[in-house]
Amino acid sequence: MSNREKIAEKVRQWLKPADRRRLRRDDGGADTRFAEGADAVMNKRLDRRQALKAMVTGAAAGAAVVQTACSPLGGGSEKAQLNWEEYFKKNYRLMTDEERAATVTRLERLSKLEQNADPHIQTTPPQKGVLFGYAFNISKCQGYMDCVKACIEENNLDRGSNMQYIRIFEIENGQDGLASANGDFYHEVPAEGHYYLGTQCFHCENPPCVKVCPVGATWKEDDGIVVVDYDWCIGCRYCEAACPYFGRRFNWSTPQIPADEVNQEQHYLGNRPRKKGVMEKCTFCVQRTRKGKLPACVEACPTGARVFGNLLDPDSEIRYVLANKKVFRLKEELGTEPKFWYFTD
Amino acid sequence: MSKPNPIHFFKDAFVTATSGSLRYHLWMGCLTFLMILGSYAYWVQLREGLVVTGMTDHVSWGMYISNFTFLVGLAAAAVMLVLPTYILDDVDFGRAVLIGEGVAVSALVMCLAFVTVDLGGPHRAWHLIPKLGYFNWPQSLLTWDVLVLNGYLALNLLIPFYILYSHYKGEKPDKRKYLPFVVLSVFWAVGIHLVTAFLYAGLPARPFWHNALLGPRFLASAFAAGPGFIILVLGVIHTQTAYTIRSVIFDKLAMITTVAAQINLVMLGSELFVEFYHPTEHAESAMYLFFGLDGHDALVPWIRTAIVLNVVATVVLSLHPLRRRRPILLASCALLFLAIWIEKGMGMVVPGFIPGPLGDVVDYSPTWVEIWITGGIWAMGFFFLSALTKVAIEIETGRMVHVSARKGGEDA
Chain A
1 MSNREKIAEK
11 VRQWLKPADR
21 RRLRRDDGGA
31 DTRFAEGADA
41 VMNKRLDRRQ
51 ALKAMVTGAA
61 AGAAVVQTAC
71 SPLGGGSEKA
81 QLNWEEYFKK
91 NYRLMTDEER
101 AATVTRLERL
111 SKLEQNADPH
121 IQTTPPQKGV
131 LFGYAFNISK
141 CQGYMDCVKA
151 CIEENNLDRG
161 SNMQYIRIFE
171 IENGQDGLAS
181 ANGDFYHEVP
191 AEGHYYLGTQ
201 CFHCENPPCV
211 KVCPVGATWK
221 EDDGIVVVDY
231 DWCIGCRYCE
241 AACPYFGRRF
251 NWSTPQIPAD
261 EVNQEQHYLG
271 NRPRKKGVME
281 KCTFCVQRTR
291 KGKLPACVEA
301 CPTGARVFGN
311 LLDPDSEIRY
321 VLANKKVFRL
331 KEELGTEPKF
341 WYFTD
Chain B
1 MSKPNPIHFF
11 KDAFVTATSG
21 SLRYHLWMGC
31 LTFLMILGSY
41 AYWVQLREGL
51 VVTGMTDHVS
61 WGMYISNFTF
71 LVGLAAAAVM
81 LVLPTYILDD
91 VDFGRAVLIG
101 EGVAVSALVM
111 CLAFVTVDLG
121 GPHRAWHLIP
131 KLGYFNWPQS
141 LLTWDVLVLN
151 GYLALNLLIP
161 FYILYSHYKG
171 EKPDKRKYLP
181 FVVLSVFWAV
191 GIHLVTAFLY
201 AGLPARPFWH
211 NALLGPRFLA
221 SAFAAGPGFI
231 ILVLGVIHTQ
241 TAYTIRSVIF
251 DKLAMITTVA
261 AQINLVMLGS
271 ELFVEFYHPT
281 EHAESAMYLF
291 FGLDGHDALV
301 PWIRTAIVLN
311 VVATVVLSLH
321 PLRRRRPILL
331 ASCALLFLAI
341 WIEKGMGMVV
351 PGFIPGPLGD
361 VVDYSPTWVE
371 IWITGGIWAM
381 GFFFLSALTK
391 VAIEIETGRM
401 VHVSARKGGE
411 DA
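If you're matching them up, the sequences are chains A and B in order. At position 128 of the first sequence the residue is numbered 128 (UniProt numbering), and the sequence of numbers has no breaks. At position 274 of the second sequence the residue is numbered 274 (UniProt numbering), and the sequence of numbers has no breaks.
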């Protein structure tokens, strides 16, 4: 609702239905829903009763303007009003469906006002009978990094700091673990005598990051995805210290994404653009996977090293891998129960 | 005249805190200047984001949280004065205890400021308020810390206020009224520091912190640095004001400092033994801290300086003839304070992140913005400490009393 409409609404509350109709009829301008008090007074020939009404209207409109202008974010502009309401919204988990719809409306409108963008922000809930899991084939990965690129584009990652959720480690054959791994290589791949291992958020069943968050801004959804409420996070970075897999990223400055590269198909808990000073992380592409699509990294992988699916579906590919391949997980001794397995052909 | 009420008290306290000798004004002026510089730096940080600090996704806590951790210890150490004075009725400490509580309040104010400047979204901090926000208690140790720090701050404001206000009115404070809170604050002090240690020790992702010795070690180092700092403050008060501190107070505090410093060194030795006798992958942080790793050695000069200072100060303090000489005592307390500040701040927080969970070794060093903000917060702490101490001294020496009490006779 625009500010002008808000004022109109306020004024309407002051008037009887008959007066409302008369004011509307009197107003010759384009806005037929509502005649502003000042116009009514200045431009019309009025009888005493009408004049009185109009003055009341004007006073009410004035009061409404003062009221909006006094909101601490000031301005009285629609943007300020929306930001004001956004500031006081609840933790996403505590919102009713109506409140969720309202914040999505506000966020979409703000994108329009601020970036002239038209995002579609979903709030698709976890689907029943779904628990997502991921498997990574270290025999197949060749270190091409197409997954990294796809992830950046799909998830609106900050181009300014070159943020990446996925890391690909180059490890010498015969070595295991990450101690001898090289996470920053800039040469032709695949390198002779090496294998490649990718990491990202492992969406632990027992996530240490969730436990430590002082404000409950991060949690595990029913489909196993660990998400962050970007508007609730206070940016203390305790979760970043608690994560044993380097799965979390912080927005040290305002994220930069070229306007024409923003993915407008968004999820509230997924890839909608973040602000500075909040945490973010891989969400298994929640905006895609809850609609039955594969995560961007899986779709982009040219070697088929990435397997994603529903752990509760006995016919899924991920279940086949877990049943038939030799699998392992990183740092199992920590009891975090990652839903991310590694396997070989 | 009118009956004394808290408004009179605060008005008089304000006048007392804002008047004084030229030296006092110069001192407070310098602190104010540093605070203004710090505020400017903080404004820059708010505008640009935490990118203006030296922190990264690899080392995601730095100087702010280091100082926070150290200062929680300083605040907790006030209990070392509170315990004997109020509970054991040790009159020797009577004059020093209000100063100790002033130190605690100032340290807590700094703690809260350091946590706030470390937040990415300080304007969203209201999310932490129970009921209004979402307080993830008891799961998150950070919520425990919020509770215990604010509770401790309240206790350390309440008790001295009651005592000073009674003296201001020319009355004797009623022990039955404040003793329960004193007892509570003693336990609370141990609590704040253990909880802060658990904040780190509860993270299996960081082997350097994930050990049972961290909590006890925090307490030992706090009870060395804290009373050491109070000795320094009392030294300044003794020479600069009319409020004389008896030697026996210095002796007792020095004894506490010495024993705590010795225990701290024993624990350090135990830690070094476990890390280096048979180094595992988990010893890499310690390796980084003391010797450097893969050519990265930003912390090595710091921690070595800290160890040397620590050992020298502890040895000097352990020798009775040296400890009893005031200048040597003050100097070794200063060294000890500095050593523990390095060891427990940067030397404890930063190596926890190096190497990272996936083996990355990324150095951290603070930027100028961080240093100025840190300086500003310390200046704020000293500002509070100076003002609080001045008011407390003027009341205790009978120079700040309510008009009605003044008429009643000079018995305060």
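None of these hints come from the bench; they were simulated from the model. Some hints could be false.
[Said to hold, decoys possible] Taking lysine-lysine and the BS3-like style, the derived pairs with C-alpha atoms no more than 27 Å apart in a straight line are:
hint: 1; chain 1: B; residue 1: K131; chain 2: A; residue 2: K211
hint: 2; chain 1: A; residue 1: K89; chain 2: B; residue 2: K131
hint: 3; chain 1: A; residue 1: K220; chain 2: A; residue 2: K276
hint: 4; chain 1: B; residue 1: K3; chain 2: A; residue 2: K90
hint: 5; chain 1: B; residue 1: K177; chain 2: A; residue 2: K275
hint: 6; chain 1: A; residue 1: K220; chain 2: B; residue 2: K131
hint: 7; chain 1: B; residue 1: K252; chain 2: B; residue 2: K3
hint: 8; chain 1: A; residue 1: K90; chain 2: A; residue 2: K326
hint: 9; chain 1: A; residue 1: K220; chain 2: A; residue 2: K90
Here the structure is a predicted model, which means the values were calculated and not measured.
Checklist entry - When you check the alpha-carbon spacing of K3/B and K90/A, does it fall within 27 Å? => result 48 Å, violated
Next on the checklist: Can you confirm whether the C-alpha distance between K90/A and K326/A stays at or below 27 Å?
Outcome noted: 45 Å, violated
Checklist entry - Are K220/A and K90/A close enough, with their CA atoms no more than 27 Å apart? => result 18 Å, holds
Next on the checklist: So if I understand the rule, the pair passes when the alpha-carbon distance is 27 Å or less; does K220/A with K131/B pass?
Outcome noted: 22 Å, holds
Checklist entry - Taken at face value, is the distance from the CA of K275/A to the CA of K177/B at most 27 Å? => result Violated: K177/B and K275/A sit about 50 Å apart, past 27 Å.
Next on the checklist: Check whether the Cα positions of K89/A and K131/B lie no farther apart than 27 Å.
Outcome noted: Satisfied, since the Cα-Cα distance of roughly 14 Å is no more than 27 Å.
Checklist entry - Would the pair K131/B and K211/A pass a check requiring their Cα atoms to be no farther apart than 27 Å? => result Holds, because 19 Å separates the two Cα atoms, which is no more than 27 Å.
Checklist entry - Would the pair K252/B and K3/B pass a check requiring their Cα atoms to be no farther apart than 27 Å? => result With a Cα-Cα distance of about 40 Å, the restraint between K252/B and K3/B is violated, given a limit of 27 Å.
Checklist entry - Within a Cα-Cα threshold of 27 Å, do K220/A and K276/A meet the stated pairing? => result 23 Å, holds
In the structure shown, a violation is registered for the earlier hints numbered 4, 5, 7, 8, in ascending order.
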